[in-house]
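These protein sequence lines are chains Y and G, in that order. Residues 1 to 432 in this note's numbering are what the first sequence spells out, letter by letter. Residues 1 to 432 in this note's numbering are what the second sequence spells out, letter by letter.
Hints are computed from structural coordinates only; laboratory data are not their basis. It is possible that part of the hints are untrue.
Below, in silico cross-link-like pairs of lysine to aspartate or glutamate (DMTMM-like), each with a Cα-Cα straight-line distance of 25 Å or less [to be verified]: (1) Lys130(G) with Asp242(G); (2) Lys148(G) with Asp196(Y); (3) Lys148(Y) with Asp196(Y); (4) Lys148(Y) with Glu83(G); (5) Lys148(Y) with Asp242(G).
Below are the chains, spelled out letter by letter.
2 protein chains.
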Amino acid sequence: MTARTADQLPHIVVLGGGFAGLQFCRSLPPDVARITLIDRENHHVFQPLLYQVASAGLSAVDIAQPIRGLFAGRPRFAVIMAEVTAVDLANRRVRHSRGEVAYDYLVVGLGGVTGYFGRDDWARYAPGLKSLDDALHIRRQILSAFEKAETATDPAERAALMTLIIVGGGPTGVEMAGAIAELARKILKRDFDHIDPTRARVMLIEGSDRLLRAFDPALSASARRQLERLGVEVRTGVSVEDIAAGRLTVAGEVIRAETIIWAAGVAASPLGRSLGAEVDRGGRVKVRPDLSLPDHPEVFVCGDMAALVDPNGVAVPGVAPAAMQMGAHAARIIRRELAAGATAPGPREPFVYRDKGTMATIGRSAAVAQLGRWQLRGTLAWLAWLCLHLIFLVGFRNKLAVLLNWIYSYLTYKRGARVITGASGRPPGASA
Amino acid sequence: MTARTADQLPHIVVLGGGFAGLQFCRSLPPDVARITLIDRENHHVFQPLLYQVASAGLSAVDIAQPIRGLFAGRPRFAVIMAEVTAVDLANRRVRHSRGEVAYDYLVVGLGGVTGYFGRDDWARYAPGLKSLDDALHIRRQILSAFEKAETATDPAERAALMTLIIVGGGPTGVEMAGAIAELARKILKRDFDHIDPTRARVMLIEGSDRLLRAFDPALSASARRQLERLGVEVRTGVSVEDIAAGRLTVAGEVIRAETIIWAAGVAASPLGRSLGAEVDRGGRVKVRPDLSLPDHPEVFVCGDMAALVDPNGVAVPGVAPAAMQMGAHAARIIRRELAAGATAPGPREPFVYRDKGTMATIGRSAAVAQLGRWQLRGTLAWLAWLCLHLIFLVGFRNKLAVLLNWIYSYLTYKRGARVITGASGRPPGASA
């Protein structure tokens with residue numbers, strides 16, 4: 001390949017600085033193309049730990065990494081903080097809130113948004129957990145509910161203020177329920193004068209017959225027992241019929257609850273529907289085996305936006321490792337084609353998902369992990385979870401900060417981020 | 001003194017969990033009275049480091065401490081998170097947003113608010129720095145301005161986006177200007193593709209003829225030189241004539257600046273004016289020598305809300321050490337009177353301010369400090385500043401987190417908290 005000046009290099013536009021987008025940029029050598037990464041935030045968020053920000057264990061900054069900082073000094077690399085508004089496939093251009101940009105290759109990895117299965121009106125009363133702002137909103141909500149309970153005089157109102165319901169028994173719901181139960185029973189225990197936070201009612205609702213459906217049934221049962229030991233009321237096989245301000249209807253029963261958290265559904269970024277390809281029920285784009293868009297080999301869709309059954313018959317799940325593997329796969333294909341230059345490259349390799357396991361933490365020394373044929377539960381699973389999350393957390397400073405926060409909380413039964421910021425004004429999802 | 005049951009103990013209500021209020025609670029032995037502390041936030045903020053949150057050096061949580069956590073387990077101690085609305089001196093009751101409460105003694109330490117000398121309309125365009133939310137707002141503002149500059153196409157607009165003006169040359173203004181200049185010139189330097197953050201224009205405006213008027217003139221001159229070395233444009237002896245959206249008029253000149261920060265004035269909490277006593281121009285209550293309210297020996301006003309010239313002729317400044325000393329003084333008096341019981345106590349001791357020195361940091365290895373007759377500048381002053389702030393920062397976790405952040409920034413020239421949260425929606429001061 002002959003040397004080309006920067007302007008002659010092909011231009012790759014990457015939409016989204018999540019796991020897929022970042023891994024793509026890291027996997028592609030800096031000298032083969034110009035890259036422009038567009039994200040509406042200035043930071044990458046380590047989503048698997050969002051629930052710890054929401055439950056006051058970590059500060060927002062600990063799990064976020066400024067995107068510019070990650071690639072500072074890398075040549076031919078630009079970052080635009082803007083909202084992507086449209087992709088013009090025919091003319092190979094991306095329009096965003098601050099202008100537009102042309103591409104030779106496009107990598108779309110905008111992830112997902114909280115999905116309410118057609119009940120978007122529930123979003124106001126039951127916020128989801130997809131961004132730092134969501135997490136800070138939920139933290140404010142939880143801590144403020146206990147503050148209000150402390151001065152409430154009506155017993156029914158006090159009970160409602162101390163009732164917290166999590167809808168959705170996947171990993172996020174399980175982790176959130178465990179963390180909230182621990183917050184109330186262990187951390188806030190001695191903080192109040194008129195209420196007893198250990199009597200808070202924490203309920204986890206799952207529509208199917210068991211928690212953590214992606215895990216082995218034995219682990220689902222273990223997760224349930226571990227949650228119940230923390231005092232969480234687990235209800236499976238019941239569906240939420242309605243959600244309104246401070247009340248939720250499940251299986252015909254109306255429960256008053258100040259705090260309702262939605263962990264039941266994720267829908268792909270709405271941009272997926274505008275790409276002209278078929279989408280599934282969750283709005284995910286049905287990509288070709290190589291992750292490209294049908295009829296547009298120059299466009300790749302990666303991460304939570306892509307719907308794919310791989311050659312082994314595995315429906316690729318919407319988890320961080322899958323997104324990273326997809327980003328790396330797209331980078332490998334593009335790199336090979338750029339190296340081949342004018343020569344037509346051979347057929348593209350299909351994406352094969354390598355499942356390295358899944359885990360969910362429930363609380364102190366409580367977790368479940370499925371690593372291939374291995375199953376872990378309790379302390380061992382919890383330690384495995386801690387190590388893996390530290391290793392994959394982006395940025396040395398964040399690793400250190402999170403490690404110290406964890407050690408501190410473990411030793412003192414306190415949580416450092418028990419701070420209410422951002423006033424009461426912001427409606428849920430205002431920034432989403 | 002005979003043992004009394006808890007209900008017979010006198011009740012002390014403390015308004016505000018700032019330096020004065022916390023020090024009061026700590027100084028009073030837990031067995032002499034019941035205490036109720038009322039604050040509208042759930043956390044104490046270490047105000048001297050707010051500017052580092054605003055300039056993306058620290059995360060909000062690092063300098064905040066949940067108030068309940070500080071006194072968890074202390075008997076006869078209640079915390080109410082509510083806004084104080086009125087004090088009924090005649091009936092000895094405090095009304096707040098969640099109810100009301102009677103007191104035997106009242107300690108008022110609500111601190112200050114940003115003051116605009118009658119130009120409250122400027123608050124929208126030039127936010128102040130009094131709370132965590134203010135600091136997060138300013139951080140978002142600064143980082144977003146650079147993000148917008150990166151994609152701006154009009155050179156004049158780009159220049160305006162990269163102009164940051166700080167109004168007020170006291171410690172907060174000096175520290176803020178230094179931190180912003182360092183952020184632009186050292187930290188963001190390599191982050192952008194189309195703009196050169198080292199060419200950002202950072203201007204510090206002071207109406208009087210020198211910066212840091214509370215310091216020796218030699219230190220004022222040193223601070224100015226140290227700021228100019230960082231590239232800050234220092235203008236003294238000029239006054240701000242007008243502030244509007246994105247523009248500031250100083251000495252007849254209109255300067256376009258996306259970011260304007262107000263560090264020029266502090267006014268006492270407006271509640272001071274409702275206490276029936278004389279107030280000074282800044283709304284501070286003219287207290288008696290023992291810090292009590294004229295005609296109400298059971299009410300003490302401490303910290304930034306109190307106006308007092310002590311027996312040595314020193315006008316007590318509105319700084320954290322003075323607030324802490326006042327809180328301790330009020331606790332000493334009340335403790336003595338409670339111990340004396342029915343016996344009429346002798347005349348009260350007047351408050352005497354012990355000035356242990358003042359310091360302001362400008363940047364890496366740049367600071368000024370006045371410790372009695374000693375003057376420090378440069379690296380030595382900076383090290384003294386670092387140590388003292390770490391020592392006085394409340395909470396072990398926070399000390400450790402801040403120390404590690406500082407070490408990290410020092411070694412890497414990065415700032416961990418370079419994260420934009422909270423979207424664009426919130427108007428400045430919405431939570432103030």
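Right, here's what the structure says about each hint:
1. Taken as a hint, the Lys130(G) and Asp242(G) pair is honoured in the structure, with Cα atoms around 22 Å apart against an allowance of 25 Å.
2. For the suggested pair Lys148(G) and Asp196(Y), the alpha carbons sit about 48 Å apart, so the restraint of at most 25 Å is broken.
3. A threshold of 25 Å between alpha carbons decides the hint, and for Lys148(Y) with Asp196(Y) the separation of about 13 Å falls inside it, so the pair holds.
4. For the given pair, Lys148(Y) sits about 12 Å from Glu83(G) by alpha-carbon distance, which is consistent with the 25 Å threshold.
5. For the hint pairing Lys148(Y) with Asp242(G), the CA-to-CA distance comes to about 42 Å; that exceeds 25 Å, so the pair is violated.
The earlier numbered hints that this structure contradicts are 2, 5.
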